[in-house]
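Here the structure of chain A is known, so what remains is to put chains B, C and D in place on it, guided by the hints.
Number of protein chains: 4
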Amino acid sequence: MRTGRLEAFSDGVLAIVITIMVLELKAPEDTTFQSLLSVAPVFISYVLSFIYIGIYWNNHHHLFQISHKVNGSVLWANLHLLFWLSLIPFTTSWLGENEHYYEALPVATYGFVLLMSAVAYFILERTLIKNHDKDYLLARLIIYKVKDYVSTALYIIAIPLAFVYTWLAIVCYAIVALIWLMPDKKMETLIDEVEV
Amino acid sequence: MRTGRLEAFSDGVLAIVITIMVLELKAPEDTTFQSLLSVAPVFISYVLSFIYIGIYWNNHHHLFQISHKVNGSVLWANLHLLFWLSLIPFTTSWLGENEHYYEALPVATYGFVLLMSAVAYFILERTLIKNHDKDYLLARLIIYKVKDYVSTALYIIAIPLAFVYTWLAIVCYAIVALIWLMPDKKMETLIDEVEV
Amino acid sequence: MRTGRLEAFSDGVLAIVITIMVLELKAPEDTTFQSLLSVAPVFISYVLSFIYIGIYWNNHHHLFQISHKVNGSVLWANLHLLFWLSLIPFTTSWLGENEHYYEALPVATYGFVLLMSAVAYFILERTLIKNHDKDYLLARLIIYKVKDYVSTALYIIAIPLAFVYTWLAIVCYAIVALIWLMPDKKMETLIDEVEV
Amino acid sequence: MRTGRLEAFSDGVLAIVITIMVLELKAPEDTTFQSLLSVAPVFISYVLSFIYIGIYWNNHHHLFQISHKVNGSVLWANLHLLFWLSLIPFTTSWLGENEHYYEALPVATYGFVLLMSAVAYFILERTLIKNHDKDYLLARLIIYKVKDYVSTALYIIAIPLAFVYTWLAIVCYAIVALIWLMPDKKMETLIDEVEV
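These protein sequence lines are chains A, B, C and D, in that order. If you want the working numbering, it's the position in the first sequence, counting the first as 1, plus 17. If you want the working numbering, it's the position in the second sequence, counting the first as 1, plus 17. If you want the working numbering, it's the position in the third sequence, counting the first as 1, plus 17. If you want the working numbering, it's the position in the fourth sequence, counting the first as 1, plus 17.
Heads up, a few of these hints could be off.
Same chains, same label: a pair holds when it works inside one copy or across any pair of copies.
In silico lysine-lysine, BS3-like type, Cα no more than 27 Å apart, as pairs [to be verified]: (1) Lys-86 x Lys-162; (2) Lys-202 x Lys-164; (3) Lys-202 x Lys-162; (4) Lys-43 x Lys-164; (5) Lys-43 x Lys-86; (6) Lys-162 x Lys-43.
In short, the hints are calculated from the structure, not lab data.
This is chain A alone, in the form it adopts within the complex (with noise of 0.2 Å):
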């Protein structure tokens, strides 16, 4: 099966998971700067989740760039990295319930939910390995993955520590973001090779 409906598809929860964060940034009551400034601690969650949501997606965008078929699997493996990708809003809107400060517990599931999102995008890079044969450029790019494991380990640690300083669990999520948005010019000039 090609890979086209299953992009489209992808395109589809993720423009919708992205832009529904913003309807818990509910317009504040009053119209002063402090009803404003009431609203920052969710609008910062937003910007987080926007961005992460943005990593994944152009992850997503250069995987499917490089894989040409799917099958059953790898549609169930993408919809079980769109599940936990869906509750991204979820835990974002908790993260903010407090005007004040991030408490412990919605710091954690925020963390869970990221460990568990690259736990699903682990699972379908390896059934698209499966999937394809050996030629794959996939297989070959895996072994470079070191941003994988450093991001996997920051959130295992981020998840117990926000038990305890919750501020610096939140630093975690903000490093695994940034290590993220910087460009992965290996991976696209690999893929602009395989366009030629």
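The following block gives chains B, C and D in isolation, referenced to the frame of chain A:
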């Protein structure tokens, strides 16, 4: 008429239906473990419905891989299917109404919407067969469809059962989901044949 | 310019409009048959609006099957149509405001939005004809459009009628929907001709 | 990398942003003309924002008609644009907070988000130019972009103006919208040239 836009529109609707349910996962009002647990019944129904929409999307995807053309009747048969599927977020949300256990009527209603979705899918298949010629792969596949009969039987048993042993009805729905989660190798092989 | 993205964007907006209305189908607060019945007026308006959006999607789909190019004016004529259609969830929700019967003003407003949608669709057709050359199929089709005149007449009758016999106005809207649900064989045959 | 999925994802996000605002158009609690009128300020802001998103979608559409490839930087420049546009429903909703008149801070915030969207669009253009070679049409077009400078100037004037003559700021935003509604024949002609 070609199938492209019908697929794109269905992808859009299903992507929204699958993510709209998360809006019902309201962030708990408190930040304790207990408040997180109170979201559990809604969460479990969300998981079940996510899997159901996933199954329908997968089957829809397979169906249009082997279909080459649509006409006005197919467009409406497809909209009819999307109509019933679009009611799933509503019944899912009602299912999680009571925090402590599932209640009879919401469980029966949930089953009714699943049953009508199955009927709508069946009508869509028949409409597609009518619109294609003798060589149409779907006509060949249709005889093997044991899964369809088992699912329909389970829905019809589960709806009245919901008023006696509510949990058993939920178990029926879960069994149907499991049946469909198992990969359909025969279907995939046939699709690959057509594409080559 | 090609029509691809205009179609994709319109599919997206219509998919959202058609599913957004379900958000108004709030899960009943109780789990009795009576509480399920209380959702009935909202549900009936949902069904009617679902059919209307379905009709517009079908017609839009047909329209762009026979159109090959767009320009800035077509993009805006299309956005103008989407604007009026995007108001349907709002008027649908107002229509179901009162649990016991439909009220005059919401029914008239609903008709007004339908009328404006019809006008916007008409403008879109004219803009497309202007943008294509003599051979353009739509120019040939336009003369047969009895359906359009009947619908417009029914809307114009229904709007004032809503203030006298509210239910009769609803009947008018239902008749228009039925007229458009009947398959348009002539249109389909012409489209198939063009594609071959 | 090809532009297909970037366009599809952007279409998805913009389609959601443009329709999400309707959710703020809550059905009036009463069914009188007066209650309908009370929705007017929210409705007017909805119309203005609908036009703005429409303008951005049109420009985005034109932009990628003449662009052939994307890289990681373009993907992020595009996500950055989508981020600011995704805030428009929030500021639109705040704009209609007070039923009787527009208040200073929401009007200024609205202008700020429009200004940042314009900046993000500018960055996206520059990133695209960097990623293409000398022949790239956009590089030629960019010099004519008087509209951009006028819009930016009007935003910068309007933001402080909102605190003095609030309505004049709204007028500025409306003027910018009108400027962009006028068809850009030169752009269209150039695109048609490229396609042929």
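Results for each hint:
1. Lys-86 x Lys-162: both (22 Å within a copy, 25 Å between copies)
2. Lys-202 x Lys-164: For Lys-202 and Lys-164, the Cα distance is within 27 Å only inside one copy (13 Å; across copies 35 Å).
3. Lys-202 x Lys-162: Intra 13 Å, inter 32 Å, cutoff 27 Å: intra-copy only.
4. Lys-43 x Lys-164: neither (35 Å within a copy, 33 Å between copies)
5. Lys-43 x Lys-86: Intra 42 Å, inter 37 Å, cutoff 27 Å: neither.
6. Lys-162 x Lys-43: neither (39 Å within a copy, 36 Å between copies)
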